[in-house]
Amino acid sequence: MEKRINISTTEPQAFKAMLGLEGYLSKIEISQTLKELAKIRASQINNCAYCISMHTKDAIKNGERPERIFLLSAWREAIKFFTEEEQTILAMTEEVTLIHQNGLSEETYSKASEIFSENQIAQIIMLIVTINGWNRIALSTHLEIED
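Counting from 2, one number per residue, gives the positions in the sequence shown under the working numbering.
No lab work stands behind these hints: they were computed from the structure. Everything numeric in this text was worked out from a predicted model, so none of it was measured. Glycine included, C-beta positions come from ideal geometry on N, C-alpha and C. Take these hints with a grain of salt, some might be off.
Said to hold, decoys possible - Computed spacing ranges between beta-carbons, pair by pair: (1) 25 / 4: 40 to 50 Å; (2) 50 / 25: 17 to 27 Å; (3) 85 / 4: 18 to 28 Å.
Claimed, not checked - Straight-line alpha carbon distances no greater than 30 Å define the calculated DSS-like cross-link-like pairs of lysine-lysine that follow: (4) 81 / 17; (5) 28 / 17; (6) 28 / 4.
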């Protein structure tokens, strides 16, 4: 792929704002496991190889089993590998990432409300919005996968 701009150097204030969201996300109540599952799933949907590579490595460092990562794109068919909490955040991730289809459905939101507090739901939505932003930056600028 053709090399493109580096937003961190071309528009450092914009990049700093994105890093500000990451700082916020590092302090939310949602577990690291849930965060990484959402980040990987959104990145799979968006076909962002850079972010898939980064977040699968991060998940494994955090103790995630590779088998669950391998099954993530088919989590609905591999339901026994994912907790109810994980299934809910994955459904939210898919629906928010694919917001143009049907949005965050009443069914998924209702399920999330049974499991998560209002603050946690807001945190999950911000997590999903942020990884989608990073995916779009990586794809638009042709970020190369790091070894």
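Query raised in the report: Within a Cα-Cα threshold of 30 Å, do residue 28 and residue 17 meet the stated pairing?
Result: holds, 17 Å
Report task. Measure nothing beyond the straight line between the CA atoms of residue 28 and residue 4; if it is 30 Å or shorter, mark the hint as holding. Result -> violated, 34 Å
Query raised in the report: Is the gap between the beta carbons of residue 50 and residue 25 within 17 to 27 Å?
Result: Cβ of residue 50 to Cβ of residue 25: about 26 Å, so the range 17 to 27 Å holds.
Query - Status of the given 18 to 28 Å range, CB of residue 4 versus CB of residue 85 - result: About 44 Å separates the Cβ atoms of residue 85 and residue 4, which means 18 to 28 Å is violated.
Report task. Assess, step by step, whether the Cα of residue 81 is no farther than 30 Å from the Cα of residue 17, and give holds or violated. Result -> With Cα atoms ~40 Å apart, residue 81 and residue 17 exceed 30 Å; violated.
Query raised in the report: Could one say that the CB atoms of residue 25 and residue 4 fall in the range 40 to 50 Å?
Result: violated, 31 Å
Of the numbered hints stated above, those contradicted by the structure are hints 1, 3, 4, 6, listed in ascending order.
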